Structures are given as C-alpha cells and as structure tokens.
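2 protein chains.
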Amino acid sequence: MKPQMMMMLMLGGCAVHAAAGGAETIPGPLLKYTLDGRLERPMDYREWVFLTSGFDMSYVAGSPMDQHTFDNVFVDRQAYKTFMATGTWPDKTTLVIEDRGAESKGSINKSGNYQGSTLLGLEVHVKDDARFAGQWAFFAFKSAAPAEIIPASASCYSCHAAHAAVDTTFVQFYPTLLPVARGKGTLAPAYQKEAAAELK
Amino acid sequence: MKPQMMMMLMLGGCAVHAAAGGAETIPGPLLKYTLDGRLERPMDYREWVFLTSGFDMSYVAGSPMDQHTFDNVFVDRQAYKTFMATGTWPDKTTLVIEDRGAESKGSINKSGNYQGSTLLGLEVHVKDDARFAGQWAFFAFKSAAPAEIIPASASCYSCHAAHAAVDTTFVQFYPTLLPVARGKGTLAPAYQKEAAAELK
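Just so you know, the protein sequences line up as chains A and B, in that order.
For the first sequence, the numbering used here assigns the number 17 to the initial residue and increments by one for each residue that follows.
For the second sequence, the numbering used here assigns the number 17 to the initial residue and increments by one for each residue that follows.
These are calculated hints, taken from the structure and not from any lab test.
Where hints are given, some of them may not hold.
Each pair may be met inside one copy or between any two copies, as identical chains are not told apart.
In silico PhoX-like cross-links for lysine-lysine, where the CA-CA straight-line distance does not exceed 25 Å [as the list claims (entries may be wrong)]: (1) Lys108 x Lys200; (2) Lys216 x Lys48; (3) Lys48 x Lys97; (4) Lys48 x Lys108; (5) Lys121 x Lys209; (6) Lys126 x Lys216; (7) Lys158 x Lys121.
This structure is a prediction, so every number in the text was calculated from the model and none was measured.
Next comes chain A alone, as it looks inside the complex (with noise of 0.2 Å):
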C-alpha cells in the first residue's frame, strides 16, 4: 500500500472515531466571499463561543431607542482558544455581533427581560491580514444577502481603534477574556491610559 493511500485510510477512520466520540467534524473554511469581496453571511456563529451579551448599550450619549435591545457577541472557536492561551487574536479571527429584540411579557416572567426570536441586526468583525489593508473590516447583514464592506473611512474603524482594550476588539466588555489580557499584557496602551484616567 502507498503511504499516501495509508494516509487517506488514516484520516477517514479518523473522521468516523470523532463523529462516534461526539466531538466536532473538521470544519471548512470559516467564512466564505463572493467573487466581488462581499462577505456571506455566517450560519452557525451561534455554535461558536460566546464571549457577552449587552443590554441597551450605546457608545454615543442621548441616544435613546426605540425598544429594548440586547446584544450577544460570538467568536470562532480557533480564535477563542488561541486568545485564552495568548490575550491575542490570530488572523482569521472572527467576531459576531447579534442584535435581538427585548421583551418583557411572557411566560412566568415578572420583571426584567428576556431575548426575544426577532434578530435585528447582525454584523461581524474579521481580521485577515491577506485581504484587508487594515488587517480588520467589519461588515453589516441587512438581510441573508451577502453584505459589503463597511469602508475603512467609517467611524467604526476610528473608534475601535482608538478605544479597543485588545487588538481593536472591545475586550473590555468581554468578561472572561479581560482578565486573560490583563495577565498576558496584551492591553492597548491606548486602553491602559484611558482606564487608569477612570479611576482617578
């Protein structure tokens, strides 16, 4: 037998032993563009690790909304490994954010609020040194179309990098991954001094 057909048979009682172990198959590319650059819209971000949920947050003062909104952030799970063992994102990382509507009345719930089924939003954060300039780009679902690239000129882009705790990522309103910059020293000194300026 050739060691290359050795190798094939390897790998396909490979494939069978993980799905009978329940552990995951290996995954294909995690995000795929159409030939023009739009990105597609990612359908199984909701297996992917989530890193926070926010609730009614806003970045700009005075903007009240119309409804109450909460807002859940996932990561790819090569991304979240390699962060818990490194405070950095390697490229390919990929962040989603969902927006789902708030609701308040329903079931035995008497206070606070719950997520409602209705998305109001999706966008996601890729860094991929190979195809964007800035290394980042963000991009916003208006529908299951495939969306375009927000233009590096947005105020997103600025802010993020102003402001980002990590790697213009917002890992200051991430819980369990703060503290994992936090001991591996991978805070932006941007970062460093504006939360060292809260505390005064």
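Model the placement of chain B on the given structure of chain A, informed by the hints.
Just chain B, lined up with the frame of chain A:
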C-alpha cells in the same frame, strides 16, 4: 503489524490531525460527581453553546434586586445538536446558568449595561435518567467546591415542571430553540395552554 496496533496508530494520527485542523479532541465525561453524589463544578461551560441571556429577570413579582444582573445560559454541545434535530433533550443534557453583575460606567459606554467579570452565581440543571429519580436535578454552586443536589421538594422543580416549554426546561426564553420545538411539535401541553391564554 497487529490490527490492534494499527488501530492505535490510526487514532494517534487522528488526534494530531484533528488538532491541526482546528477540530476538538474527543471530550471526556461532561460532568463528574463525588462519591457522595455532589456535583463537581464544570470548568469549561463557557465553551458550550450559548442559549440566551436575560437582564434582571425574575419569576416573582415585586422583587427588586440590589443590583442589575445578567444571566447567561449554556448547554452542552451534544445536547444542543440533538435538540436542533429533534426538539427534545437527550439523556445527560446539561444546562448551566451563570449570573453576572451588570456594569454601566466604563470605557466608552454611555448608556445601558454590559457584563462584569464578577460571577454572582452558577447553577446546573442536568438530565440523568439512571442517577435521578425525577430524571432532572438542580445544583447550585456557592463556591468552587462540589455542590449538593437541590432536594426534589424545592420549588424550582415544581415550577419548571408546571411552566417549562420543553421537558422541564424554559425553552420559551431561548430564542433559537423555541421555533425548533414549535416546528418539531415538542412543546409541553401545559406550556401551550398557558401561551394560548396569554394571547387572549
């Protein structure tokens, strides 16, 4: 080479390949119990599948909290996959709910709330037909130490049995699961009756 040896080599090759491809290694037992039946605190639940988060939710009227609180709900990956395929929970299903204090002032946040690093509580709801007379059991962790089972006479059991949308779990608050249960026809009759009454 003996067939058994070949199998071991194949599995060895599998593990290396799986790690390189980003897939997970084959997991060990999901939960561990002490000899006297206490549950050891699950350490990796933040890598399980996120179901939802709530904000200041309460099932009891007129119970204002000392501080704003988020609760995040996770389920093990195998149970999630089964639920998405069938609308039902398999044996060994494990849900974890963690409570976190909500923060409002920090970094560039101007309104609303984000999740803080302080864990306020951790509870487990687990289905294990061979271990629990009522199939499901609750455990509440007060520290890193193993937790004793909450007695079956506690109100959490009767409340979940009476009001839960699917198999004693509050799927009515899990926005991506509720449509699945509805589609698969697995909503509990008592829940359906309550939900219909709400619409009147």
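Outcome of the hint check:
Taking the shortest Cα distances, Lys108 and Lys200 sit within 25 Å of each other inside one copy (21 Å), while across copies they are farther apart (36 Å). Proximity of Lys216 and Lys48 under a CA criterion of 25 Å is satisfied in neither setting, with 46 Å inside one chain copy and 45 Å between copies. For a Cα distance limit of 25 Å, the shortest separation of Lys48 from Lys97 qualifies both inside one copy, at 22 Å, and across copies, at 23 Å. With identical chains, the CA atoms of Lys48 and Lys108 are at most 25 Å apart within one copy only, with a shortest distance of 12 Å there and 35 Å across copies.
In this assembly of identical chains, Lys121 and Lys209 lie within 25 Å of each other by CA distance solely across copies; the values are 16 Å between and 43 Å within a copy. For a Cα distance limit of 25 Å, the shortest separation of Lys126 from Lys216 across copies, 18 Å, qualifies, whereas the shortest one inside one copy, 39 Å, does not. Neither within a single protomer nor between protomers do Lys158 and Lys121 lie at most 25 Å apart by alpha-carbon distance, with minima of 27 Å and 30 Å respectively.
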